[in-house]
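> Start from the sequences, fold in the hints, and give me the full structure.
6 protein chains.
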Amino acid sequence: MFMRVDQLQAELPAPKRKDPNAAAALQELLGGKYGEMSTLGNYMFQSFNFRSKSKLKPFYSLVAAITAEELGHVELVSNGVAMLNNGPDNDGDKGDGGDISGAPFEDMKDIRLAAAFLSNGGGVTPVSSNGASWNNDFITTTGNVVVDLLHNFHLECGARLHKLRVYETLTDPTGREVCGYLLVRGSVHAHAYALALKKITGVELDKFLPTPNINLDKIPECQKYLQEGSHRRLYTFSPSDYKEMAGIWGNGEVALPGDPPGELTVVEGMPDGGKIHQLTGIPSAFTPDYAPEEMFEIAAKLTKKAR
Amino acid sequence: MFMRVDQLQAELPAPKRKDPNAAAALQELLGGKYGEMSTLGNYMFQSFNFRSKSKLKPFYSLVAAITAEELGHVELVSNGVAMLNNGPDNDGDKGDGGDISGAPFEDMKDIRLAAAFLSNGGGVTPVSSNGASWNNDFITTTGNVVVDLLHNFHLECGARLHKLRVYETLTDPTGREVCGYLLVRGSVHAHAYALALKKITGVELDKFLPTPNINLDKIPECQKYLQEGSHRRLYTFSPSDYKEMAGIWGNGEVALPGDPPGELTVVEGMPDGGKIHQLTGIPSAFTPDYAPEEMFEIAAKLTKKAR
Amino acid sequence: MFMRVDQLQAELPAPKRKDPNAAAALQELLGGKYGEMSTLGNYMFQSFNFRSKSKLKPFYSLVAAITAEELGHVELVSNGVAMLNNGPDNDGDKGDGGDISGAPFEDMKDIRLAAAFLSNGGGVTPVSSNGASWNNDFITTTGNVVVDLLHNFHLECGARLHKLRVYETLTDPTGREVCGYLLVRGSVHAHAYALALKKITGVELDKFLPTPNINLDKIPECQKYLQEGSHRRLYTFSPSDYKEMAGIWGNGEVALPGDPPGELTVVEGMPDGGKIHQLTGIPSAFTPDYAPEEMFEIAAKLTKKAR
Amino acid sequence: MFMRVDQLQAELPAPKRKDPNAAAALQELLGGKYGEMSTLGNYMFQSFNFRSKSKLKPFYSLVAAITAEELGHVELVSNGVAMLNNGPDNDGDKGDGGDISGAPFEDMKDIRLAAAFLSNGGGVTPVSSNGASWNNDFITTTGNVVVDLLHNFHLECGARLHKLRVYETLTDPTGREVCGYLLVRGSVHAHAYALALKKITGVELDKFLPTPNINLDKIPECQKYLQEGSHRRLYTFSPSDYKEMAGIWGNGEVALPGDPPGELTVVEGMPDGGKIHQLTGIPSAFTPDYAPEEMFEIAAKLTKKAR
Amino acid sequence: MFMRVDQLQAELPAPKRKDPNAAAALQELLGGKYGEMSTLGNYMFQSFNFRSKSKLKPFYSLVAAITAEELGHVELVSNGVAMLNNGPDNDGDKGDGGDISGAPFEDMKDIRLAAAFLSNGGGVTPVSSNGASWNNDFITTTGNVVVDLLHNFHLECGARLHKLRVYETLTDPTGREVCGYLLVRGSVHAHAYALALKKITGVELDKFLPTPNINLDKIPECQKYLQEGSHRRLYTFSPSDYKEMAGIWGNGEVALPGDPPGELTVVEGMPDGGKIHQLTGIPSAFTPDYAPEEMFEIAAKLTKKAR
Amino acid sequence: MFMRVDQLQAELPAPKRKDPNAAAALQELLGGKYGEMSTLGNYMFQSFNFRSKSKLKPFYSLVAAITAEELGHVELVSNGVAMLNNGPDNDGDKGDGGDISGAPFEDMKDIRLAAAFLSNGGGVTPVSSNGASWNNDFITTTGNVVVDLLHNFHLECGARLHKLRVYETLTDPTGREVCGYLLVRGSVHAHAYALALKKITGVELDKFLPTPNINLDKIPECQKYLQEGSHRRLYTFSPSDYKEMAGIWGNGEVALPGDPPGELTVVEGMPDGGKIHQLTGIPSAFTPDYAPEEMFEIAAKLTKKAR
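Protein chains in written order, with numbering that gives the first Met the number 0: chain A, 0 to 306; chain B, 0 to 306; chain C, 0 to 306; chain D, 0 to 306; chain E, 0 to 306; chain F, 0 to 306.
Hints were generated in silico from the structure; no laboratory data involved.
Just so we're clear, the structure is a prediction, and the values are computed from it rather than from any experiment.
Worth double-checking, as some hints may not be accurate.
Any copy, or any two copies together, can satisfy a pair, since identical chains are not distinguished.
What the hints assert, rightly or not - Each computed BS3-like pair below joins lysine-lysine, with the alpha-carbon atoms no more than 27 angstroms apart:
| id | residue 1 | residue 2 |
| --- | --- | --- |
| 1 | Lys93 | Lys300 |
| 2 | Lys15 | Lys52 |
| 3 | Lys304 | Lys52 |
| 4 | Lys242 | Lys15 |
So, in structure tokens, the structure goes:
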């Protein structure tokens with residue numbers, strides 16, 4: 000089972016301007032082969048398919064707990080995409096959409112992924128930066144623990160490269176923060192899978208890191224997270240399960256040489272997180288509706304009754 | 000953010016025999032157009048894209064909380080599929096895989112979705128009963144609240160039909176229990192979206208239910224859940240958020256006429272749930288490995304250290 | 000069986016300029032999830048799969064007749080797309096294509112869907128505004144009448160939203176006229192499916208309309224059609240079949256409150272329609288050929304002989 | 000514009016038994032690369048995209064009229080598939096679905112394309128014999144008349160081969176009749192495109208036929224149609240348009256050597272056709288509903304009012 | 000550039016019987032995510048995209064040369080699939096196809112991938128064991144040497160697992176020989192990528208092998224190849240290029256512990272290979288034609304003239 | 000089996016500037032329906048599936064040898080795409096990637112196929128100009144020789160049209176040279192398939208050429224190849240096989256009327272070819288790595304040892 004908390008894993012700054020092509024670039028980190036839908040999909044189905052769970056608790060717990068974190072990554076990138084499509088906060092959802100006969104969204108026909116406006120009203124969907132759908136071809140779940148973990152290790156290294164490249168195309172603080180946070184957490188996952196494989200095979204895969212060979216101290220947006228030690232922590236993302244992964248993450252293992260030093264630790268529960276951004280509706284784009292005031296009133300009454 | 004609890008939403012009986020074609024039928028409820036990946040994907044991305052969240056709290060909360068429940072539905076169906084592919088519990092993961100030169104899995108080349116064995120070792124993936132991948136085409140997230148809720152209402156009615164048909168093909172208790180549980184919970188979601196739309200539009204969509212026009216008292220596997228009142232409950236699936244949906248679900252609304260009577264209530268948190276099944280590995284199929292004993296020993300040591 | 004008449008359902012004004020990105024936006028109304036290929040595909044296959052046709056004549060007739068209208072909608076949007084790609088009428092198809100070595104179509108490498116030129120020479124194909132193919136995932140045909148009709152109702156509401164958004168991106172009269180006409184006719188279909196479901200279930204789904212909550216009086220391009228009462232008419236699109244749908248559309252039912260008042264009526268046959276636009280060939284783009292004069296002469300002779 | 004007539008192009012005999020795998024084989028002729036959705040899709044979009052229509056009337060008319068015939072072919076194969084999935088006529092749609100708890104459709108989990116039952120209740124959808132969706136990749140519409148016609152000629156030859164092979168797998172009269180009829184009509188289309196290209200290029204492509212090199216006199220199910228001269232006729236499938244194709248089909252051209260001799264003629268309008276089969280509903284499969292009697296009564300009343 | 004030699008990389012025994020489902024299982028090794036189309040596609044495009052080729056000669060050469068070997072693997076599996084679909088050699092291509100009206104291929108409608116007969120006449124295409132198309136989603140080519148090599152290492156380990164599982168389903172000698180040969184050569188590639196990464200990173204990835212943890216001495220069909228030392232050889236598959244990979248493969252490195260001992264060596268050119276099987280045509284299936292004798296005569300004359 | 004030679008089939012001039020949208024246009028000739036992946040895929044699988052090879056040697060040899068040439072075409076277009084994405088040669092791969100925090104690739108978020116940078120670092124993949132994946136739907140391999148050859152003839156004519164249109168969008172010499180070379184060689188293949196079909200059927204398909212009806216003397220980039228007689232030559236692309244195709248290509252047949260006159264000849268082996276371009280790495284884009292110097296040193300040592 001899964002529970003949900005109405006917060007993001009990291010606080011995202013508001014975008015400075017509406018930038019649908021930046022949003023489209025960020026989509027690569029959601030629906031691309033090395034995006035968060037892929038890390039989520041791989042670990043989630045591997046955890047469902049995991050054999051001999053009780054005999055392999057530390058390994059099962061690792062994959063199961065990271066699955067929960069990846070849900071939050073999917074949420075974080077998704078919020079980033081929608082925010083970049085939507086632009087800065089405004090008073091949009093007041094009044095009705097007014098006169099729409101003057102082609103108020105003419106510029107939307109030239110954005111790279113026009114369906115993001117036409118179909119989703121600026122919302123996010125699980126597609127890549129080229130608009131191609133995420134799908135089952137991106138999932139490896141063989142049931143063989145070593146093959147699956149090796150796949151995961153490669154996936155996180157590849158994902159790190161994609162995050163770096165997307166970061167290099169973005170000027171807006173929202174998208175850059177998404178990348179900065181995910182670079183730190185993705186590096187943790189690469190490290191964790193390396194250690195898991197080292198325990199089983201004896202091969203020092205952690206020496207392979209960082210891949211690509213750039214330390215996170217080069218990315219300003221990562222520093223806050225490194226300083227608070229995020230790179231040394233794995234959360235169980237669970238009230239009481241998955242603690243056994245401490246046999247892999249922790250247990251004397253330490254941070255990678257290029258990162259601030261310290262021991263690796265498993266933290267029960269989840270990080271503090273940040274607020275979910277209000278996406279202001281734009282009545283002329285029919286979000287949440289052309290004339291939403293009545294709906295707002297109804298909602299206000301229902302909210303009162305719910306207390 | 001999301002958290003994970005190492006339990007299923009319902010207790011599943013062990014399968015009586017290995018039945019890959021039954022597993023393939025059950026896949027329709029996972030990766031088909033009206034499967035749980037679709038309900039999850041629709042509600043999850045709608046919740047990310049929701050506009051004017053604070054002004055529309057009851058509606059936002061409803062979609063956001065059901066998202067969390069759908070994650071557990073994906074998990075439940077997935078466990079069912081993997082169990083049916085794997086068969087009854089056994090001592091499979093002892094010893095090594097032995098001599099594999101005698102075509103030990105000859106029968107696997109004739110199962111409907113052979114890749115489920117060849118690629119996934121009996122594991123589940125997000126594909127339909129025909130083996131087609133789940134994908135973004137199954138997602139509607141327009142950002143218009145009425146259109147999205149109407150889509151969801153139609154989706155749950157369609158899903159109910161698919162659950163009924165899959166149920167009609169299954170003899171094994173595992174798959175039937177999956178269907179029984181999901182029929183009850185899916186009916187709740189259809190009811191909830193009907194009420195949400197009724198609040199906004201005044202149209203009594205709840206009178207549309209049940210669709211298809213068969214009451215759940217016809218399905219033996221549903222009775223346990225109806226008797227405990229599951230059809231009258233919506234869980235927040237959250238430690239402390241999403242309570243505002245009580246303005247829609249509750250607030251004087253009652254169970255549908257064909258179901259055991261009573262008021263609708265929002266329950267904070269999640270249901271009790273059942274244990275996740277041990278999927279015993281089959282070394283000759285390389286799950287969790289050809290000769291897993293050493294890995295088991297390593298895991299045992301790591302588990303000790305984790306305490 | 001189907002017959003064809005060499006006319007469009009509505010007269011389209013010639014485009015003022017070549018605008019491939021506007022054409023690409025309009026593609027959403029052809030090959031997108033809520034485009035005309037989807038309404039066509041859904042109703043056509045539902046009509047093929049309809050059970051107990053003679054016992055359910057009014058419902059069968061409704062779906063069967065609207066199928067024929069949707070063929071004309073596919074044709075109308077397709078003509079609009081090709082016209083916007085082609086631009087205003089000209090003398091293009093005279094002479095040969097001349098010297099093509101100076102990159103005469105350099106600007107075509109920057110249009111959003113470059114294959115529309117490279118592969119289709121400015122022609123239309125069943126893809127979305129993002130260039131993704133229309134496909135079977137967009138079809139729901141369960142054989143259950145209520146589920147199918149509910150799907151159709153939701154589909155038309157969603158399609159109306161998509162038409163509105165595409166309209167908001169277009170400045171050219173060709174594309175705007177396509178949207179204006181389809182908004183009126185699509186609203187008719189939504190209304191018709193609402194009434195069909197009301198007859199079966201008693202639920203007043205027509206009160207749900209219009210969705211989104213904007214009346215067509217806000218769209219200048221709709222006025223002509225509203226004034227001639229198009230919003231109150233369903234055509235049988237047949238020489239002598241499908242009249243039984245008058246039990247649903249008509250039979251005392253009237254126009255929606257936001258539209259010009261009056262009774263709903265079934266009209267045998269089809270509307271007057273408008274001429275199909277000549278798409279002038281561009282020999283340098285090899286349409287209809289590099290040096291088409293000889294082909295024109297042959298065709299002229301064959302036309303004579305055909306008389 | 001298109002009109003619809005409530006008849007099939009050919010009379011289909013009722014199936015002798017329910018045979019979902021035969022239905023699945025027949026799907027190749029609907030949704031496969033060389034199926035009727037492809038011939039329809041190619042000619043329909045080519046006719047929309049046709050350049051210099053008035054200067055190339057005979058060629059435009061040919062493609063436009065055959066489009067209308069292909070719609071009927073899609074309908075014919077679709078009816079065949081649904082009939083084979085449904086089985087012989089019966090009293091199925093009486094009463095309600097009864098007790099469904101005994102796995103009444105257990106055998107459906109072993110049919111080749113299980114989703115045809117689970118999702119479509121035995122209905123047809125535009126997929127191939129392997130269940131893969133028809134899509135835009137199957138469409139060629141370049142706007143160059145010679146390339147498009149050559150494509151079409153190859154398409155009809157390939158389609159003829161596929162029809163022959165599907166025929167060779169079927170024992171049921173329904174499916175065999177579909178193949179027999181389509182073999183005759185598809186051969187006409189191959190012949191027509193050969194003649195069109197001969198007019199333009201002078202190359203005697205008609206000597207290429209039949210491809211594959213088997214005459215239709217070898218197929219018993221073709222004889223009825225050959226004897227009535229169907230192989231020498233092209234219908235305009237229009238009340239008054241498309242007659243100019245007589246410059247190509249006719250005009251002194253005669254039947255192919257292996258077929259009954261005679262002149263080629265264009266026939267205005269459409270063939271006589273046969274009745275559309277009643278697909279009896281199966282309430283236990285929720286078609287048209289679980290307990291359809293009330294719906295039948297409502298429909299009967301509405302039908303009366305429609306008169 | 001590439002050259003072709005009319006031989007297979009290994010001699011395949013003739014199949015004992017026609018077995019389309021075995022052929023379908025073998026398809027996983029062609030068009031599945033971990034099949035030969037994927038190894039080919041990854042290495043081919045990586046070699047095209049390789050940066051700084053002259054500065055990274057040993058690594059570039061390794062990827063470029065293995066690409067050429069993978070072409071032969073695609074050919075080998077493809078021949079195996081077609082042979083299993085076709086069955087033992089026979090006199091099939093004599094005479095014409097005779098009377099085809101008695102459903103001579105009725106059994107073909109029940110094979111798992113019916114399109115393999117209906118569309119391909121028993122031929123092979125790049126699809127998986129579930130009939131899903133190979134596609135670009137299976138390709139990773141980032142341009143980062145470490146990420147690409149790590150991907151390749153993981154790909155070969157996963158491919159080895161898939162080969163083992165397919166092998167376990169096959170009883171026919173043709174398919175088993177394909178697996179036996181590919182297991183040896185695929186293990187070589189895994190070893191080679193491990194060594195390449197070891198040179199760059201110092202991490203002893205070769206100790207990771209074999210993955211899965213089963214030695215090839217357990218597979219009878221591998222012994223012939225192990226005894227001739229195939230596991231210690233990399234071919235340049237080139238008249239004179241790619242020798243620089245000897246810096247990685249060779250250079251003191253030796254066979255893996257579980258394989259027959261010895262030094263690794265680069266061999267210029269290609270292995271001896273075996274004959275390509277005659278696939279006897281079946282005129283009743285229209286391969287190579289319904290009545291091929293005339294074509295055979297024409298071909299015989301043309302062959303004479305070619306000398 | 001296949002061998003590889005480290006050269007391109009034609010010498011490509013360096014690009015004058017980085018032009019990702021030109022690269023994207025050129026992708027149509029790689030991964031589009033009428034691109035080189037399609038010609039390769041069709042001929043390769045047809046050659047694998049060829050029936051009665053020894054009895055049909057000239058036809059088999061033709062398809063088999065052209066397959067090998069198409070591999071080189073895939074390589075040529077791929078190099079062109081990567082070169083256009085990369086731009087002129089430079090000193091990029093020296094030093095490390097430096098400070099990447101200033102959005103050094105901001106412009107990459109606006110290119111048409113952003114994933115080409117984000118995922119492939121400017122590399123090529125088998126997708127169309129719209130970014131859609133090449134796939135099995137583009138392959139026809141029926142096993143019927145006439146149908147397959149006719150398909151191939153149509154494919155080459157369609158491919159010629161696509162090459163012409165892509166050429167018309169390009170100003171850069173690299174892309175134009177790719178088109179010029181492929182136009183000559185593709186015209187050879189169209190001619191060869193026309194002759195093969197003429198031998199079998201007697202129909203003078205060569206008179207159909209050129210299609211589209213423009214001679215290559217209109218394309219400056221073709222002249223060099225026409226003058227050296229490339230249009231009259233088919234290479235065996237093999238050390239000693241496939242000579243029998245001389246019965247089709249040669250044997251008294253001559254060049255097409257619009258091309259420089261002369262006899263058709265089969266040439267054993269392959270053309271001289273041109274050098275493969277160095278793609279200079281860009282460390283800030285992580286190609287071949289962020290700080291590649293150490294890797295370069297390692298490679299230099301390994302190269303020495305390889306001698």
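> All the hints need checking, so say for each whether the structure fits it.
Hint-by-hint comparison with the structure:
1. Lys93 / Lys300: within (18 angstroms within a copy, 47 angstroms between copies)
2. Lys15 / Lys52: Intra 47 angstroms, inter 21 angstroms, cutoff 27 angstroms: inter-copy only.
3. Lys304 / Lys52: Close across copies (17 angstroms), not inside one copy (45 angstroms); limit 27 angstroms.
4. Lys242 / Lys15: Neither: 41 angstroms inside a chain and 33 angstroms across chains, both beyond 27 angstroms.
Checked against the numbered hints above, the structure violates only hint 4.
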